[in-house]
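2 protein chains.
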Amino acid sequence: MALIQPRTLKGFRDYLPAVMIPRERIMETARQTFRSFGFAPIDTPTLEHLEILTGKGSEETDRQLYSFKDNGGRDVGMRFDLTVPLARFAAQHIGTLGTPFKRYHIAPVWRGENPQAGRYREFYQCDFDTIGTESVLADIEAVTVIDSLLRAIGIEAFTISINNRTILSGLLDSLGLGDKTTPILRSLDKLGKIGLEKTAAEMVSAAGITAEQADRVLRLTECDGPAEQVFAQLPEIVGNHEAAMAGVNRLQEIYQGAIASGVSPDRIKVDVSIARGLDYYTGVIFETTLDDLPSIGSICSGGRYDNLAGLYTKQHLPGIGASLGLDRLLAALETLEKLSSTSKPCPVFIPLFDADFRDDYLKLATNLRAAGIGTELYPEPKKLAKQLKYADSHGFQYAIVAGGNEWERGEVQVKRLADKTSQDITYQHDAPESLIAALKG
Amino acid sequence: MALIQPRTLKGFRDYLPAVMIPRERIMETARQTFRSFGFAPIDTPTLEHLEILTGKGSEETDRQLYSFKDNGGRDVGMRFDLTVPLARFAAQHIGTLGTPFKRYHIAPVWRGENPQAGRYREFYQCDFDTIGTESVLADIEAVTVIDSLLRAIGIEAFTISINNRTILSGLLDSLGLGDKTTPILRSLDKLGKIGLEKTAAEMVSAAGITAEQADRVLRLTECDGPAEQVFAQLPEIVGNHEAAMAGVNRLQEIYQGAIASGVSPDRIKVDVSIARGLDYYTGVIFETTLDDLPSIGSICSGGRYDNLAGLYTKQHLPGIGASLGLDRLLAALETLEKLSSTSKPCPVFIPLFDADFRDDYLKLATNLRAAGIGTELYPEPKKLAKQLKYADSHGFQYAIVAGGNEWERGEVQVKRLADKTSQDITYQHDAPESLIAALKG
Numbered sequence: 001m002a003l004i005q006p007r008t009l010k011g012f013r014d015y016l017p018a019v020m021i022p023r024e025r026i027m028e029t030a031r032q033t034f035r036s037f038g039f040a041p042i043d044t045p046t047l048e049h050l051e052i053l054t055g056k057g058s059e060e061t062d063r064q065l066y067s068f069k070d071n072g073g074r075d076v077g078m079r080f081d082l083t084v085p086l087a088r089f090a091a092q093h094i095g096t097l098g099t100p101f102k103r104y105h106i107a108p109v110w111r112g113e114n115p116q117a118g119r120y121r122e123f124y125q126c127d128f129d130t131i132g133t134e135s136v137l138a139d140i141e142a143v144t145v146i147d148s149l150l151r152a153i154g155i156e157a158f159t160i161s162i163n164n165r166t167i168l169s170g171l172l173d174s175l176g177l178g179d180k181t182t183p184i185l186r187s188l189d190k191l192g193k194i195g196l197e198k199t200a201a202e203m204v205s206a207a208g209i210t211a212e213q214a215d216r217v218l219r220l221t222e223c224d225g226p227a228e229q230v231f232a233q234l235p236e237i238v239g240n241h242e243a244a245m246a247g248v249n250r251l252q253e254i255y256q257g258a259i260a261s262g263v264s265p266d267r268i269k270v271d272v273s274i275a276r277g278l279d280y281y282t283g284v285i286f287e288t289t290l291d292d293l294p295s296i297g298s299i300c301s302g303g304r305y306d307n308l309a310g311l312y313t314k315q316h317l318p319g320i321g322a323s324l325g326l327d328r329l330l331a332a333l334e335t336l337e338k339l340s341s342t343s344k345p346c347p348v349f350i351p352l353f354d355a356d357f358r359d360d361y362l363k364l365a366t367n368l369r370a371a372g373i374g375t376e377l378y379p380e381p382k383k384l385a386k387q388l389k390y391a392d393s394h395g396f397q398y399a400i401v402a403g404g405n406e407w408e409r410g411e412v413q414v415k416r417l418a419d420k421t422s423q424d425i426t427y428q429h430d431a432p433e434s435l436i437a438a439l440k441g
Numbered sequence: 001m002a003l004i005q006p007r008t009l010k011g012f013r014d015y016l017p018a019v020m021i022p023r024e025r026i027m028e029t030a031r032q033t034f035r036s037f038g039f040a041p042i043d044t045p046t047l048e049h050l051e052i053l054t055g056k057g058s059e060e061t062d063r064q065l066y067s068f069k070d071n072g073g074r075d076v077g078m079r080f081d082l083t084v085p086l087a088r089f090a091a092q093h094i095g096t097l098g099t100p101f102k103r104y105h106i107a108p109v110w111r112g113e114n115p116q117a118g119r120y121r122e123f124y125q126c127d128f129d130t131i132g133t134e135s136v137l138a139d140i141e142a143v144t145v146i147d148s149l150l151r152a153i154g155i156e157a158f159t160i161s162i163n164n165r166t167i168l169s170g171l172l173d174s175l176g177l178g179d180k181t182t183p184i185l186r187s188l189d190k191l192g193k194i195g196l197e198k199t200a201a202e203m204v205s206a207a208g209i210t211a212e213q214a215d216r217v218l219r220l221t222e223c224d225g226p227a228e229q230v231f232a233q234l235p236e237i238v239g240n241h242e243a244a245m246a247g248v249n250r251l252q253e254i255y256q257g258a259i260a261s262g263v264s265p266d267r268i269k270v271d272v273s274i275a276r277g278l279d280y281y282t283g284v285i286f287e288t289t290l291d292d293l294p295s296i297g298s299i300c301s302g303g304r305y306d307n308l309a310g311l312y313t314k315q316h317l318p319g320i321g322a323s324l325g326l327d328r329l330l331a332a333l334e335t336l337e338k339l340s341s342t343s344k345p346c347p348v349f350i351p352l353f354d355a356d357f358r359d360d361y362l363k364l365a366t367n368l369r370a371a372g373i374g375t376e377l378y379p380e381p382k383k384l385a386k387q388l389k390y391a392d393s394h395g396f397q398y399a400i401v402a403g404g405n406e407w408e409r410g411e412v413q414v415k416r417l418a419d420k421t422s423q424d425i426t427y428q429h430d431a432p433e434s435l436i437a438a439l440k441g
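Protein chains in written order, with this note's numbering: chain A, 1 to 441; chain B, 1 to 441.
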């Protein structure tokens, strides 16, 4: 019979152990962090009724959607994000769950876009949201969660940039430009690329506003410096307009609350220039960049929204949430050489040095595992050098070698694979303490 | 605009926090256990080329497959198990990974079968396998992993039944019935339902063997009792046939090795009557039942196979693995009332009792989290009774109440929600130790 060629679909990938181990570690850290704030896990189906997914979709998401007719003739689609399923879920269950409802959801999503370098048609999202409250405490908490999460992952040098959309929208209102928010935001989004003068010119031509109005808008985005300084300048820049000042005050409250929660002031930047595109945020927004690799972009972004589930329910559900960019973060950690390269999730390797002592190796492995030390026992009685090569190439930390002489003396040889040093350590099955201490120390 | 009705597809379900919390806990326990033996995580795409999935499929799996043409006109399908993707994965990557290759894979699969009570069209599988070795140590380890896994989950009363397929196949060979294995197995599978006599009659009629041959086969399945007794009887039952005896000896080796590894003899049953249907196992097979709820069936099954990836590669890849039935296990734990019902993943609740002290609540929550105590702070300044009702209904263990008087005295009130008792505990932001000790104690 002809063989079937083993291959994955274009835009999809296998995760081999060396990539999957840190991936899983970060997901577990995220779960622990979310849980420690009272966010609870949920899961929703991969497939949804197509009308649920296309309800609010842009043309772009509709085009990228994996959709088909199932065996029962239903139009179905694979979720392309975790926000639409959350909206559907909240509309369906919020009566049972009550508010505030705090959930996290770590799961894959699918988009049939043309894959670029480092982007795939299947990828994980890692979202947390608090729904059903407009309290500033939920905004403060979101900043605190991001801070805790990155530090738990082992990242120390990062900046959480925060802004409040109502500052700009208030300013635009005060200038009588409330109805031109979309073209102005679209121009503002290009600021980083095309610079101040061209952005101003585009605002005048594309949004049809005066040069003076464009100047007022751009003065806001230029407001920079330490938080205290920004907060001192903002009242004058927004002309003390009431709605804009409410936005400034709330942003200041979030900033101060995050610091009261223990977030280092060095790690929060009040940045009134960030806009987060044209998406659905209506209040505070944030982005998170790595100080050592800002070019990779935001690795954790989010914000406050007015009404999550308006397509599915009349119940008004405001909320706030953010999403960790798992793949982007892993790529960054790899670039920064902060990922240990191992294809084994446990530190200790026991070669099957002398098969006559098989039960002793089994007992040794059990004793180490019982002490919380992950241990792999090689299954074949190959030459020791070959077995140790396997241990080396798979990234184990220790090999524990014992043959007849060692078992008789009540000792084992502990090899540190990184520096090829060895040490004899006392060991008996009923007295494993010295060995455990040596491996943990 | 008309609302879209929020609903899930037939046969699919949402996981709300109260169900998802224990689910996630068990998956994490499984990961930890697998890792402690040196099994490494992998992941494969949800979608595969259709030919990969239908290569070996039975008519039944083909009918249940979710398949469609993607936007690029490719025939694709959603995986219906984790074994076919593993076979494809191994064929593709084993050159890079080397053998023995030990992996686990915890992921959803999809089958468009008609949903019955408690069965869904999307469900998780939780598999571990060791590929590329025929060593009995890998067989012993599989039994040990199952034992460790269930104990880590908190189950003490269970039985791992083990058998070796080569015992029956050796016996059939010795009787000259090697070519009738399939109809004989099909009849044997009915033994539990239709009893000894009818099974014997069916073997004679359906497989065309003599009554005496049927009797020899059925004597094997009747061999019961303590392991030592079974091993003592088997040589005579299989007529000391060489291949069958090799199977008996290997089974005994597995039994003894598992006990040397610390598995309690009470938890292993040598049961030469189990067959695991007509599937692809060729050596040791096992099933695991809960002593307090045997009716739910096997919650962890598996076995040794000859050649995993023959459809995709010429490389001969023997292996052994098993699969934890996550949903069945959760249903059993629920029936046995061993699932704690909580919709919150953290123990401590802080009501926002007096909003003037917001920063104090934030600091208190941060201090507890830093000590590893998950803590949720309520975001709205509602009446205390209302906030405590929220805490009660969500299953928090403690509420920590503090207002102006308490903060002044350097105390907080710790309420134990289960028994409504309260206690005042000394607390200051720079001296949280007494409170942490009280909550951990």
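It is possible that some hints are incorrect.
Identical copies carry no separate label here, and so any pair may be met within one copy or between two of them.
[Said to hold, decoys possible] Simulated pairs of lysine-lysine, DSSO-like, Cα-Cα distance not exceeding 30 Å:
{"hint": "1", "residue 1": "198", "residue 2": "363"}
{"hint": "2", "residue 1": "69", "residue 2": "190"}
{"hint": "3", "residue 1": "440", "residue 2": "420"}
{"hint": "4", "residue 1": "190", "residue 2": "338"}
{"hint": "5", "residue 1": "69", "residue 2": "10"}
{"hint": "6", "residue 1": "190", "residue 2": "383"}
{"hint": "7", "residue 1": "314", "residue 2": "180"}
{"hint": "8", "residue 1": "180", "residue 2": "198"}
{"hint": "9", "residue 1": "382", "residue 2": "180"}
{"hint": "10", "residue 1": "198", "residue 2": "420"}
{"hint": "11", "residue 1": "382", "residue 2": "198"}
{"hint": "12", "residue 1": "69", "residue 2": "363"}
{"hint": "13", "residue 1": "363", "residue 2": "420"}
{"hint": "14", "residue 1": "69", "residue 2": "383"}
{"hint": "15", "residue 1": "363", "residue 2": "10"}
{"hint": "16", "residue 1": "190", "residue 2": "389"}
{"hint": "17", "residue 1": "440", "residue 2": "386"}
{"hint": "18", "residue 1": "193", "residue 2": "363"}
{"hint": "19", "residue 1": "420", "residue 2": "386"}
{"hint": "20", "residue 1": "383", "residue 2": "193"}
{"hint": "21", "residue 1": "389", "residue 2": "193"}
{"hint": "22", "residue 1": "314", "residue 2": "363"}
{"hint": "23", "residue 1": "382", "residue 2": "193"}
{"hint": "24", "residue 1": "382", "residue 2": "314"}
{"hint": "25", "residue 1": "69", "residue 2": "338"}
{"hint": "26", "residue 1": "420", "residue 2": "314"}
Source of the hints: derived by calculation from the structure; they are not laboratory data.
Consistency of the hints with the structure:
{"no.": "1", "hint": "198 <-> 363", "verdict": "neither (73 Å within a copy, 46 Å between copies)"}
{"no.": "2", "hint": "69 <-> 190", "verdict": "neither (40 Å within a copy, 38 Å between copies)"}
{"no.": "3", "hint": "440 <-> 420", "verdict": "within (18 Å within a copy, 42 Å between copies)"}
{"no.": "4", "hint": "190 <-> 338", "verdict": "neither (33 Å within a copy, 57 Å between copies)"}
{"no.": "5", "hint": "69 <-> 10", "verdict": "both (22 Å within a copy, 14 Å between copies)"}
{"no.": "6", "hint": "190 <-> 383", "verdict": "neither (63 Å within a copy, 47 Å between copies)"}
{"no.": "7", "hint": "314 <-> 180", "verdict": "within (28 Å within a copy, 65 Å between copies)"}
{"no.": "8", "hint": "180 <-> 198", "verdict": "within (18 Å within a copy, 83 Å between copies)"}
{"no.": "9", "hint": "382 <-> 180", "verdict": "neither (74 Å within a copy, 39 Å between copies)"}
{"no.": "10", "hint": "198 <-> 420", "verdict": "neither (61 Å within a copy, 66 Å between copies)"}
{"no.": "11", "hint": "382 <-> 198", "verdict": "neither (70 Å within a copy, 50 Å between copies)"}
{"no.": "12", "hint": "69 <-> 363", "verdict": "neither (55 Å within a copy, 53 Å between copies)"}
{"no.": "13", "hint": "363 <-> 420", "verdict": "within (25 Å within a copy, 47 Å between copies)"}
{"no.": "14", "hint": "69 <-> 383", "verdict": "neither (56 Å within a copy, 51 Å between copies)"}
{"no.": "15", "hint": "363 <-> 10", "verdict": "neither (46 Å within a copy, 49 Å between copies)"}
{"no.": "16", "hint": "190 <-> 389", "verdict": "neither (54 Å within a copy, 49 Å between copies)"}
{"no.": "17", "hint": "440 <-> 386", "verdict": "within (26 Å within a copy, 48 Å between copies)"}
{"no.": "18", "hint": "193 <-> 363", "verdict": "neither (64 Å within a copy, 41 Å between copies)"}
{"no.": "19", "hint": "420 <-> 386", "verdict": "within (15 Å within a copy, 63 Å between copies)"}
{"no.": "20", "hint": "383 <-> 193", "verdict": "neither (61 Å within a copy, 51 Å between copies)"}
{"no.": "21", "hint": "389 <-> 193", "verdict": "neither (51 Å within a copy, 52 Å between copies)"}
{"no.": "22", "hint": "314 <-> 363", "verdict": "neither (62 Å within a copy, 37 Å between copies)"}
{"no.": "23", "hint": "382 <-> 193", "verdict": "neither (61 Å within a copy, 47 Å between copies)"}
{"no.": "24", "hint": "382 <-> 314", "verdict": "between (69 Å within a copy, 24 Å between copies)"}
{"no.": "25", "hint": "69 <-> 338", "verdict": "neither (44 Å within a copy, 40 Å between copies)"}
{"no.": "26", "hint": "420 <-> 314", "verdict": "neither (67 Å within a copy, 38 Å between copies)"}
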